[in-house]
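With the hints as a guide, bring the two chains together.
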Amino acid sequence: MNNAEKFKRIYDELHAPEDLLGKVMDLKMEKSEFKTRNVIKAAVCALAVTIGTFVAGNGICYAATGESLVTKIKVVINGEETEKDVQWTQNGDAFHGEIVIPSEDGASVTVLTVSDDIPENMNVSMEYQEGESVGEGDAVTEDTVILEVSEDESVNSVTVEKKDVVSGNSSVNVDEEK
Amino acid sequence: MEKTQYERIVAEYLDMVYKIAVSYAKNATDADDIVQQTFYKLLIRKSGFKDEEHIKRWLIRVCINECNSLFSGFWRRNVHLFGQREGDRETSEDPLFEAQESRVLHEAVRKLPGKCRSVIYLFYYEGYRTQEIAEILHIREATARTRLVRGRKILKEELKEAWDYE
Chain V
4 MNNAEKFKRI YDELHAPEDL LGKVMDLKME KSEFKTRNVI KAAVCALAVT
54 IGTFVAGNGI CYAATGESLV TKIKVVINGE ETEKDVQWTQ NGDAFHGEIV
104 IPSEDGASVT VLTVSDDIPE NMNVSMEYQE GESVGEGDAV TEDTVILEVS
154 EDESVNSVTV EKKDVVSGNS SVNVDEEK
Chain F
2 MEKTQYERIV AEYLDMVYKI AVSYAKNATD ADDIVQQTFY KLLIRKSGFK
52 DEEHIKRWLI RVCINECNSL FSGFWRRNVH LFGQREGDRE TSEDPLFEAQ
102 ESRVLHEAVR KLPGKCRSVI YLFYYEGYRT QEIAEILHIR EATARTRLVR
152 GRKILKEELK EAWDYE
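The listed protein sequences derive, respectively, from chains V and F. Quick note: our numbering has the first sequence finishing at residue 181, numbered continuously throughout. Quick note: our numbering has the second sequence finishing at residue 167, numbered continuously throughout.
Think of the hints as simulated: they come from the structure by calculation, not from any bench. Glycine included, each C-beta is placed from N, C-alpha and C at the ideal position. Please note that a few of the clues may not be correct.
Unchecked claim - When the alpha-carbon atoms are kept at most 30 Å apart in a straight line, the in silico BS3-like pairs for lysine-lysine are as follows:
{"no.": "1", "chain 1": "F", "residue 1": "K51", "chain 2": "V", "residue 2": "K26"}
{"no.": "2", "chain 1": "F", "residue 1": "K51", "chain 2": "V", "residue 2": "K44"}
{"no.": "3", "chain 1": "F", "residue 1": "K116", "chain 2": "F", "residue 2": "K161"}
What the hints assert, rightly or not - DEER-style ranges, computed between Cβ atoms:
{"no.": "4", "chain 1": "F", "residue 1": "R130", "chain 2": "V", "residue 2": "I43", "range": "33 to 39 Å"}
{"no.": "5", "chain 1": "V", "residue 1": "L17", "chain 2": "F", "residue 2": "G115", "range": "18 to 24 Å"}
{"no.": "6", "chain 1": "V", "residue 1": "V47", "chain 2": "F", "residue 2": "K27", "range": "37 to 43 Å"}
{"no.": "7", "chain 1": "F", "residue 1": "S48", "chain 2": "V", "residue 2": "I54", "range": "37 to 43 Å"}
{"no.": "8", "chain 1": "V", "residue 1": "T39", "chain 2": "F", "residue 2": "Q101", "range": "26 to 32 Å"}
{"no.": "9", "chain 1": "V", "residue 1": "A7", "chain 2": "F", "residue 2": "F72", "range": "44 to 50 Å"}
{"no.": "10", "chain 1": "V", "residue 1": "I43", "chain 2": "F", "residue 2": "R151", "range": "35 to 41 Å"}
{"no.": "11", "chain 1": "F", "residue 1": "R46", "chain 2": "V", "residue 2": "V47", "range": "26 to 32 Å"}
{"no.": "12", "chain 1": "F", "residue 1": "E142", "chain 2": "V", "residue 2": "E8", "range": "20 to 26 Å"}
{"no.": "13", "chain 1": "V", "residue 1": "V42", "chain 2": "F", "residue 2": "E158", "range": "29 to 35 Å"}
{"no.": "14", "chain 1": "V", "residue 1": "K26", "chain 2": "F", "residue 2": "E142", "range": "32 to 38 Å"}
So here's chain F without its partners, still in its complex pose (with noise of 0.2 Å):
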């Protein structure tokens, strides 16, 4: 891939591909780790793309395969290190927001179990559709649905009235 289309791609998305990796990542390091490894398969990539939302698309579906890639390995999902158990992480010092309404809601979504979780991002956030999130995940519409189901659930469950019945 040409340099300047690069930098036009990482200046257009970068945010997005983080915002993600934040939504999966345990720690800032991971999310860096997924970002850095997601722009660097749009650098070996060779064939190009048809469009703008292709490029979209392609990004969101490499940064979720990314971050499943990383937490399903053996010491990721095994190992805790010293203050990184679920149990040990306050969300209170969470420093990527600020706000403590922000800090709950990130909170519950990233202990949405991760299937549920891409599906409740691309579709809260990004605004896609079930059908657009089935093409994107490479899942059938119906399971895209169950997933937004069952995410509705956990978060109303876990947000209580801070999250409103649909």
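Just chain V, same shape as in the assembly (with noise of 0.2 Å):
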């Protein structure tokens, strides 16, 4: 017997178990079912995802003031710390941030900041400008401070001395911390 035949006789005595004939046969059918279901599945998901998204990132621009999304910044008053929400607001690309301080006398004291994108630390230089309008819709006063920020410098927090709201000579100071 040569080598050819003994391959043979050996690899014909082998057949394919009637279960694997049976998983063969069932292929299409499984197969087609679960990538039918899969995509089904996947599509699902990512609806539910997308509106997800949608909705809680709604939920956190709108919580606290119903129409913008809102951080934290320390500011001093008259050597009083205390932390302030800042509201930010988006106009096309840039993002508007403003701190409402009520003054003694009932006025108020708007802080704006200015901003291409919204700092995670408030790294902000800041630039006083008397009787500076804030915006659009904003409860202002004659006392107006403008943030601008800067990538360079870093201010961690904001003193504000009101000395004589109703006159607008205050004065602001910039601690910078970095």
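In structure tokens form, the structure reads like this:
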């Protein structure tokens, strides 16, 4: 018996088991259903994630103020340190944030922050502009502080010293803590 | 592919694909996986076949590719479950073949390098010439001949007098 005949004799006695035949015959149905089910599941999941993200994003943005995202900033007013909410609104590509600080006589001081992006650590530089108009729909008094975001400066606290709210002779000091 | 045509091809070539898978696989489960993957590729194939020989060659080619794909992964190459190491596997415990002579030859074929194994199987069992083997495996005929010679030499060393010198 030569080598080819040996191979023939040995492998001729080898046959695929019946259960494998059944599996291969049913392969189409199983695979097709599996694929279809997976596609449907993936589509439903993607839709749910999209809706969830949209709802959650809006929920976060409008949670506190009903119209803007809120972050915190440490403000020192007349030597008294306090934490204030910064209410952010988007105007085109730019974000505008403002801090409303009530004055002793019932008027308010608005601190406006202008930024291309929402600063995570409130790294800002400040510029005081007396009588500056804050923006559309803001409750503005004569005392306005404009915060301009600067990437290279790190300002962790803002000091607003109000001397005379009525006349607008306020001063603003910036504490830079790098 | 239409169900009737698929069932006919399965009935005709299941044994052939299974034999190739067994010559590569370390256990029946792996062989089953390879066979199922091969026929799944047939199921999703959109273009038709020219003739029966085209179907047969295509199945051989896809099956060998599936074998290589299965055993080329990092897990398969590096992780050996208990009882699956080469040294652990006793030839006499192989349930696929009843006769001792069959088990010895099958084990020797399975120990061949993959590239030689497919050429040896196609040459001795399927009866293809080296030129046809080269066409099926998409290699040069000289390469097929080299692999055949190398496989024969290894089998001769492994099987000694049980293998006829050619």
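Each hint tested on the structure:
no., hint, in the structure
1, F:K51 with V:K26, "27 Å, holds"
2, F:K51 with V:K44, "38 Å, violated"
3, F:K116 with F:K161, "21 Å, holds"
4, F:R130 with V:I43: 33 to 39 Å, "50 Å, violated"
5, V:L17 with F:G115: 18 to 24 Å, "19 Å, holds"
6, V:V47 with F:K27: 37 to 43 Å, "40 Å, holds"
7, F:S48 with V:I54: 37 to 43 Å, "41 Å, holds"
8, V:T39 with F:Q101: 26 to 32 Å, "49 Å, violated"
9, V:A7 with F:F72: 44 to 50 Å, "26 Å, violated"
10, V:I43 with F:R151: 35 to 41 Å, "51 Å, violated"
11, F:R46 with V:V47: 26 to 32 Å, "30 Å, holds"
12, F:E142 with V:E8: 20 to 26 Å, "25 Å, holds"
13, V:V42 with F:E158: 29 to 35 Å, "53 Å, violated"
14, V:K26 with F:E142: 32 to 38 Å, "37 Å, holds"
In terms of the numbered hints stated before, the structure departs from hints 2, 4, 8, 9, 10 and 13, listed from lowest to highest.
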